[in-house]
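Chemist: Okay, here's what each chain looks like letter by letter:
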Amino acid sequence: MPDWNQIRLDFPTLRQEVNGKPLVYLDSGATSQKPQVVLDSLARFYLKDNANVHRGIHALSMRATDAFEGARARTARFINAADSAEIVFTRGTTESVNLVASSWCSANLRKGDVVLLTEMEHHSNLVPWQQAAARAGATLRYVPVVGADAELGLDLEALDRLLTPEVKLFAFTHSSNTLGIINPAAELCARARKVGSLTLIDAAQSIGHLPVDVQALGCDFLAFSGHKMLGPTGIGVLYGRKALLDAMPPYQTGGGMISSVDFFESRWKPSPERFEAGTPNVADAVSLAVAMDYLDGIGREAIEAHDRELGAYMMESLADVSGIRILGPRAGMPRSGLVSFALADAHAHDVVTFADQDGIALRGGHHCNQPMMRKLGLASTSRASCYVYNTREDIDRMVASLRRIVKFFSGA
Amino acid sequence: MPDWNQIRLDFPTLRQEVNGKPLVYLDSGATSQKPQVVLDSLARFYLKDNANVHRGIHALSMRATDAFEGARARTARFINAADSAEIVFTRGTTESVNLVASSWCSANLRKGDVVLLTEMEHHSNLVPWQQAAARAGATLRYVPVVGADAELGLDLEALDRLLTPEVKLFAFTHSSNTLGIINPAAELCARARKVGSLTLIDAAQSIGHLPVDVQALGCDFLAFSGHKMLGPTGIGVLYGRKALLDAMPPYQTGGGMISSVDFFESRWKPSPERFEAGTPNVADAVSLAVAMDYLDGIGREAIEAHDRELGAYMMESLADVSGIRILGPRAGMPRSGLVSFALADAHAHDVVTFADQDGIALRGGHHCNQPMMRKLGLASTSRASCYVYNTREDIDRMVASLRRIVKFFSGA
Amino acid sequence: MSDLTDLYQQVILDHNKRPRNRGKLPTANRVAHGDNPTCGDQCSVYLRLDGDRVAEISFDGSGCAISQASASLMTTQVKGKTPAEIEALFKNFHHIVTTGEMPEDISDIAAFAGVHTFPARIKCATLGWHAALNALKGDPTTVKTE
Amino acid sequence: MSDLTDLYQQVILDHNKRPRNRGKLPTANRVAHGDNPTCGDQCSVYLRLDGDRVAEISFDGSGCAISQASASLMTTQVKGKTPAEIEALFKNFHHIVTTGEMPEDISDIAAFAGVHTFPARIKCATLGWHAALNALKGDPTTVKTE
Ligand SMILES: Cc1ncc(COP(=O)(O)O)c(C=O)c1O
Ligand SMILES: Cc1ncc(COP(=O)(O)O)c(C=O)c1O
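Chains as they are written, first to last, in the working numbering: chain X, 1 to 412; chain V, 1001 to 1412; chain A, 2001 to 2146; chain Y, 3001 to 3146.
Among these hints, one or two may not hold up.
Derived lysine-lysine pairs resembling DSSO-like cross-links, with alpha carbons at most 30 Å apart [stated by the list, open to error]:
id, chain 1, residue 1, chain 2, residue 2
1, A, K2137, A, K2081
2, V, K1375, Y, K3024
3, Y, K3079, X, K407
4, X, K269, V, K1375
5, V, K1242, X, K48
6, V, K1194, A, K2079
7, V, K1375, Y, K3137
8, X, K242, Y, K3017
9, V, K1111, X, K269
10, Y, K3137, X, K407
11, A, K2079, A, K2137
12, A, K2091, A, K2081
13, A, K2024, X, K375
14, A, K2024, A, K2091
15, X, K375, V, K1021
16, A, K2137, A, K2091
17, V, K1194, V, K1242
18, Y, K3024, Y, K3081
19, X, K242, X, K194
20, V, K1048, X, K48
21, X, K111, V, K1269
22, V, K1269, A, K2091
23, A, K2079, A, K2017
24, X, K111, V, K1111
25, Y, K3081, V, K1407
What the hints contain is simulated information worked out from the structure, not anything from laboratory work.
Chain X extracted, bound-state conformation (with noise of 0.2 Å):
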């Protein structure tokens, strides 16, 4: 096991006070703190390798081409793709997604085919394919959630009904960033393929927090951030099949991925290179990297049990605050450690603001989940979201917050 307290020393930004109290940071779902050597490594390669990649032969050159074709095999193994040249890089999720829905899609999605979402899609995994649907003349379809509160999450029946041999590509979302569910996302796949669609996995909210073995997956098509697994902003990973890679028109285009121009036709590389126009983001890419050996020292079905621990202790700690409405699984289903709620008597903004002077960071919103929040009758909710820094005091500190802010709003 794990020593929790030891693992959270090694964040320094979490070693401030917010209005004169220590930070409590449960805002991870949407950005995570970065560990010392996470730091570091930016400090270091900037120090000692900076160089543009790809196309120089000195020394600075060819150790950061170095650094960052190992970051990229790194990657391959964090998530067991099959092949280096699998792995993309990209800012992040969001751009992964707009990756496929435009090349992928321009190449192979027409009339008359349908794209397959699931309710609790983030904008990033959504508004992509309805821009791509209405280029090919193709249309959306929504697996439903299920219950009030969403608390049954995905209709799984309904799949049967849905997975016509129309859908060309099933995208979900691995793990919700608003009800703190965690999707069957191999049975899902499995079910995809079975009617020849392929599948895309966003793995925004999972990838740093359980194991992610796309191989086992079975998906074709997984999508994830940098930023919420403890590396830095601005990049990301797209894994494709190599199959489909090397078959997909590129996205951006320029130097790097061009293996030649004339003035007027080009020609390009194959994956992965075909799909980075332009200087990478190498230091951060090389970064990214060092997240993952963090990660895996502390290893991630620790982590996984971590979060499982806190989120329960969260529906546990917040079950008798008054007039609270949380979403997702009821106590004692699996969850997350994320928890999202909505209180009778004040609303999420507040709620935010009022824990933000206790040193609490919440976040307040419609966690760009706006189609599922209107179907649940709410404009947005308050969101607690855990990590490997988090522990049951963070959390007490965050009910008795609560707790007064429910006392100072019902009061009034």
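Go by the hints and put chains V, A and Y with the ligands onto chain X.
Modeler: This is chains V, A and Y with the ligands only, laid out in the frame that chain X set:
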């Protein structure tokens, strides 16, 4: 006059040995080294303010948003944009050009229209226009370079013939990454405007090297990368006039750029948010602004003069290297601090490998200028490019190394 | 906690709990809708302009205490005024919420002075006002405070 | 400097200066083209396969000393051999340039052992070989060593 020897000390990366020799870094045209203040700013952001932006109202999130929007305002000041909303953060020049070639062209470029480029464009300001033209049924035209070594720059007389009313957009580089030429950007914009054509300036090589004022230049779009101007990798800028940006359809879609999302349709925020889908590269944007402070601390006129002086000194020192062919302006003509050349006796890659053994970082290759290189009858050149941390001594060491290379290969 | 009680003054809590002029206005001849895409706050303002005065006004929507109380208070301030007077009132209000400076003739809107130490909440406080101003302009489109 | 003289051995400088079997081969019945998009090095290999032996071979192109010398030396080694023998030669060559280990029966290709300390140059050394192997496969498409 800045003390250039003192400035050099701000760059810790340069205090290292390569192959047993003190590093001489002459590859700033590919990417620049970073001053300590930029590295400090990266660390400080992650240590103090790291949080997701825009959607949060807890303390860290507000500080991160202020820092990010502050960087946008700083960037607007840096290029004298009329409004911060004209600054879109991208990964770099390549993405900035792709954004315009995709979004603006999809709404405005029609069959029969023309996009005008120059023969000296970097692949990143060339291939995206090939793609956009192919999608629209438009065609490309090129302003030729003049002279056997392109020493006379762009054919400004041909411009009148080329700039017909069919030209909807003229995209050109401010400063060539192969020729060391600085183009008369304000004049080119003025002439394009006369026929009703918009303009896009690729400022990748100029932004950190001379004063850039978008209003004085009179351009409609301007693209640049942070990593070539002392900033981190993974961040760049698209400047666009507000009225143009607000009329353009989104590029990537997802979280942060929407005003409302429904299952089957969505609406967008105005620029710049419209063009910044997903979590932006917050830390690197903030550090880019620090690089701007640093550059303005030296003074961009002073940097331009320093570049010009080193460029002239290179021309002088290289003149009698046996069998050398230098591209771009002849000795005595104004040029930037970048010189690319071919040696009769040694291929560029052998030159770079050889120089590297002397601790000198040069670049060899086609510099993402394949079509122009082909026109000049070359497959590759060696390139030395200077910046604020370079001195005459660096150039002396390079020239001495080149003389040894020539001797080695011609003697064999 | 003192900052919080500055922010959530009794006037604000009261208007939040017991909003004035809430609901659709059947006789309205001007309407505008405002929203804040960041948080999902929404506010519709309905008003009847009679000659050049606001004869009746109401608001509708959902959101945080600041946005709801501000919209409620706004309706009480705006009724009977001309567009020019309302512009002046908003200017005053905007000055209060961005600087925390109290107006000379203390009124209920001074309760919003505490907002200025919470810059992220300024757009909550101004949402209803923006909608009202847009309604007056006869511009029935959605207003955003972002 | 010692690394450099290891890399640019006399054999290599000599083949670079005086390439063997350079130019188009009019009688060729197999051809393949290789290039390295990173640096622009190019190499075309022309050969005449007679029965199952390479009766004639030539190369053409431009590039650095390593790529040109390697292609030149390759033509001298390959002539008269069967495809299987050529595959074996390449395996041997590849082993030398990636590990620096000398083969037992020292031959000219051992001159390329110095390449292994310059990993960025390995693809220069193998460009001509890849083109030759592709020509043998009767695959006339462009080969890339990247
Ligand atoms: C003139 C010019 N344009 C565009 C680019 C592309 O910039 P980036 O690779 O940072 O996107 C470069 C540099 O590589 C350049 O020199
Ligand atoms: C489930 C989910 N998908 C996608 C995203 C988008 O990730 P990013 O903003 O890093 O592109 C997020 C986070 O914002 C998320 O939680």
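Chemist: For every hint, state whether the structure bears it out.
Modeler: To see whether the hints hold, each was checked on the structure:
1. A:K2137 x A:K2081: Status holds; Cα separation ~14 Å.
2. V:K1375 x Y:K3024: holds, 23 Å
3. Y:K3079 x X:K407: Between K3079 of chain Y and K407 of chain X the Cα gap is close to 91 Å, so the pair fails against 30 Å, i.e. violated.
4. X:K269 x V:K1375: holds, 23 Å
5. V:K1242 x X:K48: violated, 40 Å
6. V:K1194 x A:K2079: Violated. K1194 of chain V to K2079 of chain A sits at ~53 Å, over the 30 Å cutoff.
7. V:K1375 x Y:K3137: This hinted pair is violated, its Cα atoms lying about 33 Å apart.
8. X:K242 x Y:K3017: Distance of about 42 Å is beyond 30 Å: violated.
9. V:K1111 x X:K269: Distance of about 29 Å is within 30 Å: holds.
10. Y:K3137 x X:K407: Status violated; Cα separation ~80 Å.
11. A:K2079 x A:K2137: holds, 16 Å
12. A:K2091 x A:K2081: Roughly 14 Å separates the two Cα atoms, so the pair holds.
13. A:K2024 x X:K375: Given that 30 Å is the threshold and the Cα spacing comes to 23 Å, the pair holds.
14. A:K2024 x A:K2091: holds, 26 Å
15. X:K375 x V:K1021: The hint is violated at about 67 Å.
16. A:K2137 x A:K2091: OK: K2137 of chain A and K2091 of chain A at ~16 Å, within 30 Å.
17. V:K1194 x V:K1242: holds, 20 Å
18. Y:K3024 x Y:K3081: The hint holds at about 20 Å.
19. X:K242 x X:K194: This hinted pair holds, its Cα atoms lying about 20 Å apart.
20. V:K1048 x X:K48: This hinted pair holds, its Cα atoms lying about 25 Å apart.
21. X:K111 x V:K1269: holds, 29 Å
22. V:K1269 x A:K2091: holds, 25 Å
23. A:K2079 x A:K2017: holds, 21 Å
24. X:K111 x V:K1111: holds, 24 Å
25. Y:K3081 x V:K1407: Violated, at about 38 Å.
Checked against the numbered hints listed earlier, the structure breaks hints 3, 5, 6, 7, 8, 10, 15, 25; every other hint is satisfied.
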